[in-house]
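Student: Chains A and B, in that order, give the protein sequences.
This note's numbering puts the first residue of the first sequence at 1, with every later residue one more than the last.
This note's numbering puts the first residue of the second sequence at 1, with every later residue one more than the last.
Hints in this document: simulated from the structure, not taken from any laboratory.
Ideal placement from N, C-alpha and C gives every residue a C-beta, glycine not left out.
Hints may contain errors.
As the list claims (entries may be wrong) - Quick look at which bits of chain A chain B covers, simulated, 3 or more residues with Cβ under 8 Å:
hint : segment
1    : 26–38
2    : 273–279
3    : 314–328
What the hints assert, rightly or not - No farther apart than 27 Å at their CA atoms in a straight line, the calculated lysine-lysine pairs in the BS3-like style are these:
hint : chain 1 : residue 1 : chain 2 : residue 2
4    : B       : Lys-271   : A       : Lys-237
5    : B       : Lys-2     : A       : Lys-117
6    : B       : Lys-51    : B       : Lys-2
7    : A       : Lys-271   : A       : Lys-230
8    : B       : Lys-172   : A       : Lys-271
9    : A       : Lys-271   : B       : Lys-271
10   : A       : Lys-172   : B       : Lys-373
11   : B       : Lys-117   : A       : Lys-2
12   : A       : Lys-271   : B       : Lys-237
13   : A       : Lys-2     : B       : Lys-271
14   : B       : Lys-237   : B       : Lys-373
To be verified - Taking beta-carbon pairs under 8 Å as the criterion, some of the chain B residues facing chain A (in silico):
hint : residue
15   : Val-21
16   : Gln-23
17   : Lys-122
18   : Ser-150
19   : Ala-307
20   : Ala-318
21   : His-321
22   : Ala-323
23   : Ala-326
Protein chains: 2
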Amino acid sequence: MKPIQVGLLGIGTVGSGTFNVLQRNQEEIRRRAGRGIEIAMVADLDTTRAKQVVGDAVKVVGDAREVIANPEIDVVVELIGGYGIAKALVLEAIAAGKHVVTANKALLAVHGTEIFKAAADKGVIVAYEAAVAGGIPIIKALREGLTANSIQWVAGIINGTTNFILSEMRDKGLDFDVVLKEAQRLGYAEADPTFDIEGVDAAHKVTLMSAIAFGIPVQFDKAYVEGITKLAGADIKYAEQLGYRIKLLGITKRTDKGVELRVHPSLIPAKRLIANVEGAMNAVVVNGDAVGTTLYYGKGAGSEPTASAVIADLVDIARLHGADPAYSVPALAFQSHTLAAAGHELPVLAMADVVTSYYLRIRVADEAGVLAKITTLLANAGISIDAVIQREADEVGGEGSTQTDLIILTHDTREGDMDKALAEIQALSTVLTPITRIRKEELN
Amino acid sequence: MKPIQVGLLGIGTVGSGTFNVLQRNQEEIRRRAGRGIEIAMVADLDTTRAKQVVGDAVKVVGDAREVIANPEIDVVVELIGGYGIAKALVLEAIAAGKHVVTANKALLAVHGTEIFKAAADKGVIVAYEAAVAGGIPIIKALREGLTANSIQWVAGIINGTTNFILSEMRDKGLDFDVVLKEAQRLGYAEADPTFDIEGVDAAHKVTLMSAIAFGIPVQFDKAYVEGITKLAGADIKYAEQLGYRIKLLGITKRTDKGVELRVHPSLIPAKRLIANVEGAMNAVVVNGDAVGTTLYYGKGAGSEPTASAVIADLVDIARLHGADPAYSVPALAFQSHTLAAAGHELPVLAMADVVTSYYLRIRVADEAGVLAKITTLLANAGISIDAVIQREADEVGGEGSTQTDLIILTHDTREGDMDKALAEIQALSTVLTPITRIRKEELN
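Please model the entire structure based on the sequences and the hints provided.
Tutor: Written as structure tokens, this is what we have:
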């Protein structure tokens with residue numbers, strides 16, 4: 001059978017990885033897929049660089065629409081990124097009857113409903129294993145491996161840049177700003193790192209996982225997003241002393257009232273496997289009612305790890321030859337006509353309605369009665385305390401200091417109730433600086 | 001579309017889990033699969049117990065062949081186990097044109113070539129996600145998620161009983177026999193635990209993973225199999241002091257000369273994630289040339305975790321409606337006509353040709369010159385030493401002891417060379433008891 005003809009849109013880091021791996025492993029991939037997979041055409045604005053990557057055997061063009069218009073092309077791989085031209089090209093490729101493979105989490109988290117509907121109407125596949133956690137086959141695990149389960153929750157370290165920064169902060173006892181600069185120097189963080197450090201990239205990814213875990217539409221606009229820029233070295237140290245690590249988690253959870261969808265720094269018990277995921281590595285924990293807790297770990301970014309996911313999607317498409325698209329794996333794991341109703345039954349909860357436990361660090365005047373005042377306010381709000389550490393003032397502020405840190409761990413609390421209690425505590429004259437509040441997840 | 005009609009052969013632990021999960025999550029599963037999945041018929045020798053599990057709505061028979069002969073049944077799920085009647089029934093189901101789902105690792109590791117050929121000839125699927133690592137979708141990861149890669153090695157904790165025993169030995173400082181009895185009392189080990197503790201069960205599973213990782217036939221007869229029955233508490237303690245944990249690993253590795261296929265206790269650096277997999281949990285590490293190292297973790301046994309894998313296979317079959325079987329996922333991940341040739345190119349290596357590093361514990365007379373003699377014999381055999389610990393005699397044998405333990409870590413060595421050197425060392429009059437030799441894997 002004729003090899004599948006692939007057109008690449010964009011041949012940067014992931015595109016060249018895809019080309020190189022397909023070349024290097026072509027014989028093994030053909031033995032798996034039952035037919036060859038060939039990159040027949042590449043579109044990139046920088047045609048000179050593109051030609052350096054792919055050589056003379058592959059046609060290189062500057063206009064992506066030439067790839068889409070080519071009737072020989074079976075699958076279009078979109079590696080441009082962003083919401084703009086990428087969206088238009090993906091929709092045009094679908095309209096032209098091409099299958100699409102994309103690593104574009106931002107595009108799918110925001111415009112997925114429109115794109116998947118267009119694909120379903122046209123009977124083509126939009127595959128996106130590379131959009132979440134790089135080379136880890138987590139989309140496959142959620143959409144196919146765990147189909148028996150009522151998924152209860154998913155929690156993942158799904159942004160390598162922030163995990164690298166947090167690992168370095170802990171290992172070297174450094175503050176955020178210092179480590180960010182080092183990460184930029186080493187290439188682990190981009191020149192403009194906003195999407196990573198503010199949690200937006202993780203929120204795109206957890207939005208996709210939420211949809212395929214629970215069978216609801218993608219709803220990025222309803223995600224709660226908080227990054228790691230306000231984390232202090234002190235919090236990482238205190239967490240450590242309490243037996244926890246701080247990680248930026250993307251979390252989505254099924255509750256009686258709806259679905260939680262949130263990205264924020266979280267304390268995790270140090271003994272959990274996921275708490276020991278260091279550096280730029282990714283890991284996703286999935287809890288299903290039948291299977292219990294499972295974990296998936298690997299490289300979440302990089303040229304060849306991401307290419308591994310892109311090519312797995314291409315092999316899947318090759319293997320589906322002749323399959324009835326109405327029955328093959330639905331784009332969002334559940335049959336598309338059932339998504340909207342499920343979205344009404346399982347709405348995404350406002351952050352105020354999320355129930356979790358908390359780590360609080362409160363900088364207070366080192367005076368008698370301060371702890372009593374604070375714990376009374378918490379008790380009045382119905383918030384129950386799990387543990388309290390009061391530091392020696394000298395340890396915190398140096399010799400002769402009149403300030404100290406109160407560290408409080410709470411039991412499960414509605415976030416809205418916590419917000420109110422914290423506003424009252426913050427207003428106390430003996431509370432000297434803005435309170436630090438970090439959510440805590442047991443993940444068991 | 002009509003629900004898929006499933007016939008269960010055997011309704012013990014996994015069978016009742018499969019029935020219960022399909023009942024409980026039927027609506028979600030239907031939304032995923034595009035059609036319902038119904039257990040229409042159950043065969044079990046104990047029809048009374050079977051009826052208690054499934055109630056009146058499902059037909060229960062004592063003769064499995066009634067299920068296979070029923071033209072309404074689309075898929076036969078074999079949960080009987082073993083090589084005997086299970087093999088005959090699986091082949092009969094295939095001959096009758098039924099797809100087969102099985103959790104029977106022993107059957108597939110030994111008779112897989114015959115069974116998969118029969119299925120390919122008949123155009124039906126034999127799916128076996130439940131045969132390896134219970135609910136962890138590791139077969140799917142290897143056959144589908146990592147298809148871009150030239151897989152380099154796979155190493156897994158794939159037997160929960162032995163991992164539970166090793167965890168308890170380490171935590172409580174107890175010896176093997178004591179913990180085995182406790183494990184039997186708690187239901188983590190069977191009354192006849194031989195298949196687990198001697199490594200046979202793990203060898204069945206790693207044989208399957210080896211085939212689908214490297215595209216070679218299943219070759220259980222060529223696996224090296226060593227269990228945990230000879231492990232002493234002392235080795236676990238010494239390993240700990242050296243920064244290692246001891247785990248029973250199933251390992252398969254691609255080398256220039258062929259494929260390593262082996263099960264034995266192994267020292268692993270304590271900082272690796274897989275070294276921290278405790279109790280009855282399973283984990284598999286897969287290294288591919290593009291993706292790097294990935295890890296998959298979860299429950300490797302139990303009623304509903306295993307049912308999760310069985311049902312995932314059923315959903316896969318439902319979703320393949322209309323697909324050309326010549327192109328859908330091959331049983332052993334690679335197109336079947338390519339397996340035999342690959343098996344010749346990549347033969348399974350004899351254990352003597354495996355290269356790995358070693359932990360040695362040698363009980364010696366506490367005399368001058370003993371260490372020099374032993375290290376000279378190792379050097380003469382071309383074995384290079386990574387670290388040596390000589391214990392104080394008093395610590396090892398109590399006050400006034402004239403015996404002590406030498407602990408030696410070696411660099412990579414051919415097993416055949418190590419065998420020869422150990423025979424010479426064992427023959428020394430100052431070596432007092434049989435030498436303990438445990439292989440060491442870095443897994444990075």
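Student: If a hint holds in the structure, say so; if it doesn't, say that too.
Tutor: Evaluated hints:
no.	hint	verdict
1	26–38	holds (count 7)
2	273–279	holds (count 3)
3	314–328	holds (count 12)
4	B/Lys-271 x A/Lys-237	20 Å, holds
5	B/Lys-2 x A/Lys-117	25 Å, holds
6	B/Lys-51 x B/Lys-2	25 Å, holds
7	A/Lys-271 x A/Lys-230	25 Å, holds
8	B/Lys-172 x A/Lys-271	18 Å, holds
9	A/Lys-271 x B/Lys-271	12 Å, holds
10	A/Lys-172 x B/Lys-373	44 Å, violated
11	B/Lys-117 x A/Lys-2	25 Å, holds
12	A/Lys-271 x B/Lys-237	20 Å, holds
13	A/Lys-2 x B/Lys-271	47 Å, violated
14	B/Lys-237 x B/Lys-373	26 Å, holds
15	Val-21	5 Å, holds
16	Gln-23	11 Å, violated
17	Lys-122	18 Å, violated
18	Ser-150	5 Å, holds
19	Ala-307	6 Å, holds
20	Ala-318	7 Å, holds
21	His-321	4 Å, holds
22	Ala-323	4 Å, holds
23	Ala-326	7 Å, holds
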